[in-house]
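Here's the letter readout for the chains.
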Amino acid sequence: MKKSSTTVQEPPGAVVHRSTPPPAWQPRTDPAPLLPDPEPYRVLGTEAVADADPELLRRLYAELVRGRRFNAQATALTKQGRLAVYPSSTGQEACEVAAALVLQEQDWLFPSYRDTLAVVARGLDPVRALTLLRGDWHTGYDPREHRIAPLSTPLATQLPHAVGLAHAARLKGDDVVALAMVGDGGTSEGDFHEALNFAAVWKAPVVFFVQNNGFAISVPLAKQTAAPSLAHKAVGYGMPGRLVDGNDAPAVHSVLTEAVRRARSGGGPTLIEAVTYRIEAHTNADDATRYRGDGEVEAWRAHDPVRLLEHELTERGMLDEDGIRKAADDADAMAARLRDRMNADPELDPMDLFAHIYAEQTAQLREQAAQLRAELDASADPAGDAAGQGETR
Amino acid sequence: MTTVASRATRTGKAAKPATMAQALQRAMRDAMAEDPTVHVLGEDVGTLGGVFRVTDGLAAEFGEDRCTDTPLAEAGILGTAVGMAMYGLRPVVEMQFDAFAYPAFEQLTSHVAKMRNRTRGSLPLPITIRVPYGGGIGGVEHHSDSSEAYYMATPGLHVVTPATVEDAYGMLRAAIASDDPVVFLEPKRLYWSKAQWSPESPAAVEPIGRAVVRRTGLSATLVTYGPSLTVCLEAAEAARAEGWDLEVVDLRSLVPFDDETVVASVRRTGRAVVVHESNGFGGPGGEIAARISERCFHHLEAPVLRVAGFDIPYPPPMLEQHHLPGVDRVLDAVARLQWEADS
Chain A
1 MKKSSTTVQE PPGAVVHRST PPPAWQPRTD PAPLLPDPEP YRVLGTEAVA
51 DADPELLRRL YAELVRGRRF NAQATALTKQ GRLAVYPSST GQEACEVAAA
101 LVLQEQDWLF PSYRDTLAVV ARGLDPVRAL TLLRGDWHTG YDPREHRIAP
151 LSTPLATQLP HAVGLAHAAR LKGDDVVALA MVGDGGTSEG DFHEALNFAA
201 VWKAPVVFFV QNNGFAISVP LAKQTAAPSL AHKAVGYGMP GRLVDGNDAP
251 AVHSVLTEAV RRARSGGGPT LIEAVTYRIE AHTNADDATR YRGDGEVEAW
301 RAHDPVRLLE HELTERGMLD EDGIRKAADD ADAMAARLRD RMNADPELDP
351 MDLFAHIYAE QTAQLREQAA QLRAELDASA DPAGDAAGQG ETR
Chain B
1 MTTVASRATR TGKAAKPATM AQALQRAMRD AMAEDPTVHV LGEDVGTLGG
51 VFRVTDGLAA EFGEDRCTDT PLAEAGILGT AVGMAMYGLR PVVEMQFDAF
101 AYPAFEQLTS HVAKMRNRTR GSLPLPITIR VPYGGGIGGV EHHSDSSEAY
151 YMATPGLHVV TPATVEDAYG MLRAAIASDD PVVFLEPKRL YWSKAQWSPE
201 SPAAVEPIGR AVVRRTGLSA TLVTYGPSLT VCLEAAEAAR AEGWDLEVVD
251 LRSLVPFDDE TVVASVRRTG RAVVVHESNG FGGPGGEIAA RISERCFHHL
301 EAPVLRVAGF DIPYPPPMLE QHHLPGVDRV LDAVARLQWE ADS
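As given, the protein sequences belong to chains A and B, one line each in that order.
Numbering (UniProt numbering) for the first sequence: 1 to 393.
Numbering (UniProt numbering) for the second sequence: 1 to 343.
Please keep in mind that the hints were generated in silico from the structure rather than gathered at the bench.
Values in this document were obtained by computation on a predicted structure and should not be read as measured data.
Heads up, the beta-carbon is just placed ideally off N, CA and C, and yes, glycines get one too.
One should not assume that every hint holds.
[To be verified] Coverage of chain A stretches by chain B, computed from C-beta distances (three or more under 8 Å per stretch; other residues unrestricted):
1. 24 to 34
2. 51 to 65
3. 356 to 363
[As the list claims (entries may be wrong)] On the chain A side, residues computed to face chain B include the following (Cβ under 8 Å):
4. P38
5. D136
6. W137
7. H138
8. D142
9. P154
10. S188
11. E194
12. A195
13. N197
14. F198
15. L221
16. Q224
[As the list claims (entries may be wrong)] To give an idea of the interface, some chain B residues facing chain A are shown, with a C-beta separation under 7 Å as derived from the structure:
17. G63
18. D65
19. L72
20. A75
21. M84
22. M86
23. S110
24. T119
25. E287
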C-alpha cells in the first residue's frame, strides 16, 4: 500500500469532484399526464352516455350494422372464390367505423390489412377497397384522391409513412391529421417504435390507433408484450396513452376525437389502445380452434359492439324494432349490391404488369413487355397466323 | 486512346479543384434552392454536416426544417420520407454508411420500390437515398460494404453510382429530379478525390441511365463503375506496356442498365472484363457478364471474365488491400483473355 504522501495534490483552482446530479441531466417530460387510465374508458352503461350526441349514436349504430354485414358478405365472397382472402374485422366494427368518422375530408387514414371496413366507412367504393383481397391489383384507388394510404400488409410499416405525411403537412402549414391503424402484434415491430419516436420528437399531428384484438394470428398478447398495457408504451415516447373499450363505439369515437383535436391544434401525437376481440379466425384460411377456446369467444360475443349500442339505444327509447329492421334492411341492400358487383369478373390486362414500374419504362422492361405481348398474341392465335384464325371462326 | 474530357474543362469556365463531397453538397444545395419541396434528412446531416461533410452548410442555409437531424433509426428515416413524398415533398435521405442502411431495407423493398406500381402510377415516390458505399478507407467492421447487388435485385428502384466529381454533381441533380426512387451509391473512398470542376458553372443535368466510355481502346473492354473506375483507368495505363489497348466503360447506372453502350464497346473490342468491389458470387458482375454473352457471343474472342471482391464478409482494415480488386488483379484477368488464339 502506498502512503498518503503519494496522493496527487490538486493545483489551486482545479475542479472539485464532488458528487452531484450529472450536469447534462435535467427533468424532461412529466410522465403523470401521459399515463393511461387504469381501466378502458367506456361510455355505454355509464353516465357519460347522457352527454353523447343522439345523432352521433344513431349514425354509429347504422354504420356498425352495415359494417357487420360487410364483414359477413366479404367472408362469404371468399367461400365463393370471389375474394382470395379476407381478414375479417367482425367484433371490431366499433373501432373500424369510429376511425373513419372522426376524420375530416383533408385528413389521411393509414390502414392495415384488417381495416378494409374503415376504408369503406370513410366512403371509398367497396369494390375498389377490396381490390387487394380480390387480387386483381394491389391497391384499387388513388391514395391522394381519397386520402387513404394503401392497405399495408407488412405490419406497422405504414406508421412511419403517417408520421412523415403529417410532418410534411405541418411544415407546409396545412391542417391535416394522419390516423394510423395497427394491431397488437404490430406493436412489437421496430417500425412501430420508430414511428412513435419520430412522431413525438417532431410533434407530428398523428394518432396511433392500436386495436388490441387479443391475437397476432395465433399468438396471444401475453407472448407479445410485458408492458402494463399497450397504451402505456406511449409514456416512453413522451406522448399520452389512452385506453378505451374497443367495443364501445361512442367511447372509441370520443377518445379518437380528442386525440385528433389534440393533433390538429399542435399538441402532437397520441397512442390509443382499444381493447377488442377478433371474433373470427385470422383469415378464412386460419383455424382459430387450434389456439383458443370457445368460452373465451362466447364471453366476447356477449360484449358485442353492435349489440351493446343497440341495447343502449333501445333502453333509452332511441331505437325500436322498426329502426332495427330498417338498419338491417339497409345493410342487406348494401351487401346485395356488393355481391352483384363482385360477381362480375374484373377486367385484367396483363400488360399492366409493366406499365407502372417506373415513370419511364426501361429498355429491359420494354423487351420483357414485348415478350409477354408476343406470348399473349400467340396464345390468342394458336394457328400462328391471322388467316388460320379467320378460318377457325 | 483518349480519356473523355471533363465538361467543365471544355466550357472553359473558372474551373478549380473540387472534391466529390463538395460537388455532392453543391448538387443538394442547388436543388434545394431551386425547389422548395426538396428536403434533406438523416443522421447528423444538420449541425454537423454529415460524417463525411456532404451536407455541410445546408441546415444553416435552408433551416432545420429543410435539412433535418433525425432520430437514429434508418427505417424511420426512410419510412417518414415515404410519407413526406406522399404529401408532395422530394426527400433526399442520407444513410450514414452502407451497412447501416440495412434496417431501412424493408421500407425500401416493400414500399419505396413498389408504391408506384401498387397504386397504378398514382403515387410515385421521388425519393433519393444516398448511401456511402464500398471500402478502401480503412473502416472497421460494417463501414465498407458494397451493397449494390441487394438494390439491383429489387425492381422499382434506380441504382446509380458516380465515379467522377462532375458526375457526382450531375447525377445527384438527376436523381433528385427523378420522379422515381433512386438509390444513389457514393463511393466513399472517392469523396476526397479532386477534379477541375466549377461549382459556378456546374454540368448540365443528364437523365439517369447512360454509361460512358472513359477511355477508348481496341484490345478489350473493362466494364466497371464507382470506386473501381480509377483502378481500371490505372490498369489501362499500365496495360500499354504489355501492348494492350484497353477501353474502359463507366456504367454510372446499374439500373437501368445501358446495354447499348456496353454491347457496342464489347463488339468493337471482342473481349470484356467486369470489375467491381462487390462480392463476385451473386454480384452485379454475373448479371453484366451474362448480358454481354447473350448479346455479343459471336463477337467474343474469349469468355467474359469477372474481377470482384472475394466471397467473404468485408475484411478488417489491415487486410482489406487483399480483398479489393487492384490493378494487378485486373491485369491478370486481361492476360487470361485467350490472346494466344489471336496470333
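Hint check results:
A count of 0 residues in the region 24 to 34 of chain A with a Cβ less than 8 Å from any Cβ of chain B is obtained; the coverage claim is therefore unmet, three being the minimum. Here the region 51 to 65 of chain A counts 0 residues with a CB under 8 Å from a CB of chain B, which misses the bar of 3, and the coverage is violated. With a cut-off of 8 Å between beta carbons, the region 356 to 363 of chain A has 6 residues touching chain B; three or more are needed, and the interface restraint holds. Hint status for P38/A: violated, given a least beta-carbon distance of 30 Å to chain B, over 8 Å.
With a cut of 8 Å, the hint placing D136/A at the interface with chain B is violated, because the nearest CB-to-CB distance is about 11 Å. A hinted interface residue such as W137/A counts as satisfied when its beta carbon comes closer than 8 Å to some beta carbon of chain B; here the least separation is about 7 Å, so the hint holds. Among the interface hints, the one on H138/A holds; its C-beta lies about 4 Å from the nearest C-beta in chain B, closer than the 8 Å criterion. Interface restraint check for D142/A: the shortest CB-CB distance to chain B comes to about 4 Å, inside 8 Å, so the restraint holds.
Using the Cβ-Cβ criterion of 8 Å, the hint placing P154/A at the interface with chain B is satisfied: the shortest such distance is roughly 5 Å. A least Cβ separation of about 14 Å between S188/A and chain B goes past the 8 Å threshold, and the interface hint is therefore violated. A cut of 8 Å between beta carbons decides the hint on E194/A: the least distance to chain B is about 3 Å, and the hint holds. Interface restraint check for A195/A: the shortest CB-CB distance to chain B comes to about 7 Å, inside 8 Å, so the restraint holds.
Interface hint status for N197/A: upheld, as the beta-carbon distance to the closest one in chain B is roughly 5 Å, under 8 Å. Taken as an interface hint, F198/A checks out: its beta carbon lies about 5 Å from the nearest beta carbon of chain B, inside 8 Å. The beta carbon of L221/A is not positioned within 8 Å of any beta carbon in chain B (closest approach about 24 Å), and the interface hint is therefore violated. With 8 Å as the threshold, the beta carbon of Q224/A stays out of range of chain B, its nearest partner Cβ sitting at about 19 Å, so the hint is violated.
Here the hint on G63/B is broken, as its CB sits about 10 Å from the closest CB of chain A, past 7 Å. At its closest, the beta carbon of D65/B sits 5 Å from a beta carbon of chain A; the interface hint therefore holds under the 7 Å criterion. Annotation: L72/B was flagged as interfacial toward chain A, and the flag is violated, the nearest CB pair being 10 Å apart, outside 7 Å. This hint holds: A75/B has a C-beta 5 Å from the nearest C-beta of chain A, less than the 7 Å allowed.
Residue-level restraint check for M84/B holds (minimum Cβ-Cβ distance to chain A is 4 Å; threshold 7 Å). For M86/B, the interface hint holds, since its Cβ comes within 7 Å of a Cβ in chain A; the closest pair sits about 5 Å apart. The interface hint given for S110/B holds, since its Cβ lies 5 Å from the closest Cβ of chain A, which is under the 7 Å cut-off. At about 5 Å, the closest approach between the beta carbon of T119/B and any beta carbon in chain A falls short of 7 Å, and the interface hint on this residue holds.
Given hint, E287/B at the interface with chain A, is violated; its Cβ is 11 Å from that chain's nearest Cβ, farther than 7 Å.
Of the numbered hints given earlier, the model fails hints 1, 2, 4, 5, 10, 15, 16, 17, 19 and 25; all others are met.
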